[in-house]
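Engineer: Sequence:
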Amino acid sequence: MSHAATAVRPRSTEAVLRNHLRAATVGVDAVMQDYTDRSVLITHDATYCGLPEIRRFFTALFSELPAGFFDAMKINRQEIIGEVAYILWERRPIVSRATDTFVVRNGTILFQTFTSASSD
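In terms of the working numbering, the sequence shown opens at residue 5 and continues consecutively.
Everything labelled a hint here was simulated from the structure, so no lab data went into it.
Remember, predicted model here, so these are calculated numbers, not experimental data.
Derived Cβ-Cβ restraints for the label pairs, each shown as a range:
no., residue 1, residue 2, range
1, E87, D41, 17 to 25 Å
2, E57, V88, 17 to 25 Å
3, P97, P14, 35 to 43 Å
4, R13, A71, 29 to 37 Å
5, N80, V107, 16 to 24 Å
We put the beta carbon where it would ideally sit given N, CA and C, even for glycine.
Put together the whole structure using the sequences plus the hints.
Structural biologist: Dropping the structure here:
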């Protein structure tokens, strides 16, 4: 068997997104498995570069959310084209609308944008 036949292919954009959504129901350590030191997360408040900064963002986020928050999340739109994934979601009554865009390369999230609007 040739080396090429045994090489492991990176996860697809769809597989990374699916894992990321599942990981959000587990916790910060699970979420962080989708990122590398080169990853960048851009939000409406700040830009987080690399694993320590992205972990700090998710640790703060998870500490503010009620238990089971992501279990009750509703995806309203999902689009995957090549290495780009987009989701529009809600988690009422806390979040009326949120959006994430991911750029996936080599089976990990290289870039992500995120913003949300609170329910009134």
